[in-house]
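Put chain B on the given structure of chain A with help from the hints.
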Amino acid sequence: MSITEDQARKVAHLARIAVDDAALPALARDLSGILHFMDQLNEVDVEGIEPMTGVTPMRLKRREDVVTSGGMADKILSNAPDAREGFFAVPKVVE
Amino acid sequence: MTNANRLTIAEARDALRAGDLTSVELTDACLGAIDAAGALNAFVHHTPDMARDMARAADARIKAGDAAPMTGIPVGIKDVFCVRGVPSQAGSRILQGFTPEYESTVTQNLWSAGAVMLGKLNQDEFAMGSTNESSCYGPAVNPWRGADGAQLTPGGSSGGSAAAVAADLCLGATGTDTGGSIRQPAAFTGTVGLKPTYGRVSRWGVIAYASSLDQAGPMTRTVRDAAIMLGAMASSDPMDSTCADLPVPDFEAALTGDIRGKRIGIPREYRVDGMPDAIDALWREGAQMLRDAGAEIVDISLPHTKYALPAYYVIAPAEASSNLARYDGVRYGHRATLGAGDGITQMYESTRAQGFGPEVQRRVMIGTYVLSAGFYDAYYNRARRVRALIKRDFDQAFAAGIDSILAPATPSAAFPLGSGDKGDPVQMYLNDVFTVTLNLAGLPGIAVPVGQDAQGLPLGLQLIGRPFEEGDLLNQAQVLEAAAGFVAKPDRWW
Numbered sequence: 001m002s003i004t005e006d007q008a009r010k011v012a013h014l015a016r017i018a019v020d021d022a023a024l025p026a027l028a029r030d031l032s033g034i035l036h037f038m039d040q041l042n043e044v045d046v047e048g049i050e051p052m053t054g055v056t057p058m059r060l061k062r063r064e065d066v067v068t069s070g071g072m073a074d075k076i077l078s079n080a081p082d083a084r085e086g087f088f089a090v091p092k093v094v095e
Numbered sequence: 096m097t098n099a100n101r102l103t104i105a106e107a108r109d110a111l112r113a114g115d116l117t118s119v120e121l122t123d124a125c126l127g128a129i130d131a132a133g134a135l136n137a138f139v140h141h142t143p144d145m146a147r148d149m150a151r152a153a154d155a156r157i158k159a160g161d162a163a164p165m166t167g168i169p170v171g172i173k174d175v176f177c178v179r180g181v182p183s184q185a186g187s188r189i190l191q192g193f194t195p196e197y198e199s200t201v202t203q204n205l206w207s208a209g210a211v212m213l214g215k216l217n218q219d220e221f222a223m224g225s226t227n228e229s230s231c232y233g234p235a236v237n238p239w240r241g242a243d244g245a246q247l248t249p250g251g252s253s254g255g256s257a258a259a260v261a262a263d264l265c266l267g268a269t270g271t272d273t274g275g276s277i278r279q280p281a282a283f284t285g286t287v288g289l290k291p292t293y294g295r296v297s298r299w300g301v302i303a304y305a306s307s308l309d310q311a312g313p314m315t316r317t318v319r320d321a322a323i324m325l326g327a328m329a330s331s332d333p334m335d336s337t338c339a340d341l342p343v344p345d346f347e348a349a350l351t352g353d354i355r356g357k358r359i360g361i362p363r364e365y366r367v368d369g370m371p372d373a374i375d376a377l378w379r380e381g382a383q384m385l386r387d388a389g390a391e392i393v394d395i396s397l398p399h400t401k402y403a404l405p406a407y408y409v410i411a412p413a414e415a416s417s418n419l420a421r422y423d424g425v426r427y428g429h430r431a432t433l434g435a436g437d438g439i440t441q442m443y444e445s446t447r448a449q450g451f452g453p454e455v456q457r458r459v460m461i462g463t464y465v466l467s468a469g470f471y472d473a474y475y476n477r478a479r480r481v482r483a484l485i486k487r488d489f490d491q492a493f494a495a496g497i498d499s500i501l502a503p504a505t506p507s508a509a510f511p512l513g514s515g516d517k518g519d520p521v522q523m524y525l526n527d528v529f530t531v532t533l534n535l536a537g538l539p540g541i542a543v544p545v546g547q548d549a550q551g552l553p554l555g556l557q558l559i560g561r562p563f564e565e566g567d568l569l570n571q572a573q574v575l576e577a578a579a580g581f582v583a584k585p586d587r588w589w
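In order, the protein sequence lines correspond to chains A and B. Going by my numbering, the first residue of the first sequence is number 1, and it counts up by one from there. Going by my numbering, the first residue of the second sequence is number 96, and it counts up by one from there.
Looking at chain A on its own, in the form it has when it is part of the complex:
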């Protein structure tokens, strides 16, 4: 499986990482090399094998559906690059 420059541009956008057009050929080459390495997996007979989700056979823990924490907006905002009036601030999203 090879990746074209167009596909590399698309995957970079899906990953929300800006990539200069000039860097696309090298990126496509890198990604193709890695995917080629992964193609070995096609040699394996996986018929009837379920995809593995967890390594320990345990039931996910459950707890009462109640509020256990909260009331710490200041702490949560303390690391924000831009916070105003108790909210995270971002560029305008909706025109």
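Source of the hints: derived by calculation from the structure; they are not laboratory data. Hints should not be assumed to be uniformly reliable.
Dumping the calculated SDA-like pairs for lysine to any residue here, alpha-carbon to alpha-carbon at most 20 Å [said to hold, decoys possible]:
hint	chain 1	residue 1	chain 2	residue 2
1	B	K486	A	K92
2	A	K92	B	Q441
3	A	K75	B	R421
Chain B alone, transformed into the frame defined by chain A:
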């Protein structure tokens, strides 16, 4: 006591309890060693005031007769662990300026046990790497040097932890291991590194790389120290739903030195092409040492070993691309400066392009690709099915009566910084060939220094154990450690 920083955890614990040493003295010895070791670039955030406060509190606790095994022991913490009020950025520029408002369970457990925080340790960015060269702080340097004096990688991703323990800057350090990030650097630095069973140690507050594979563990100078430190790190934890609800046994008490009758497997598929003679010889010698101690050495087959690396490099980037989606310049860390008229998409894309290094970008994009519509089944689901087969290989070996598995830890000794990345990421991934299998299967593994190569560089072997039987694994590792008698230390050049 001079050079107290060179003591093992067990020796220091005994000296502290006997009143021959105070934690303040021990901590000052470590802080002095750290100040003199800037050339190793192991510690990247220093917390001397915190260390001295914690040492004084530990001394009071010891005096009051309330000492736990780690009370008063100075440790270093890999940058990936959140420590309240201390910069915690997982070696990434995108978390520059982030100081957590909360504490990881592992570090909280250590502080509750009375351990002393010396500072944060260097690592590959988001734990993605095998050389420490993807760190935003620049690489940590191995205290061991080649015959030609070349600076070597301490391995990765927990390279700062390994360098600090090997150079006696701290008595122990925390590491995390997603595909070998504790065991490979331990092998490269002549130290002991233990990756516990998945679920033995809480992941709460550990900055995530690949959640189904990540596991924190101790990096120490001896197997006994690993047993002591694991006991302090491990716990069940309501904050991590994958953390096992199991009691934490006394791992040190498991070190009986008796491994008679243990069946130790030698997997034939680990004999890879191009393996250096020194590694092959070490492996055979290690097997002989265990046989001499009364274990039975058994040839076994783990037929899907070959597919562990490609499966890992689908699953880990897939999980990473999801986990790292949170770094968007909104809630913490770096945000790109925006031009006039730039909208939120430009903010995300520029922030992530500036904040993530090349290897992290590569893995996030690979992960995005294998999870995207049309490829999810072909790559991601196929890799998870192969993963099930890899785990089944181990399950079958254990069901056939194998107690543990002996393998090399790495395909080579430490190599020069700058030599690894020749522009081919796949070549670099081959470093993990002996270590990733057990992350995929969730098993515990420990790297033990066993010998040296022709240049005098340390070489390690790896023992792989049954799930949640770290005590038994540590016992076998200690027998190997004692038989190997590895006592070499790097010549001090820094």
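Evaluated hints:
1. K486(B) - K92(A): violated, 48 Å
2. K92(A) - Q441(B): holds, 12 Å
3. K75(A) - R421(B): holds, 18 Å
Of the hints listed earlier, the one the structure fails to meet is number 1.
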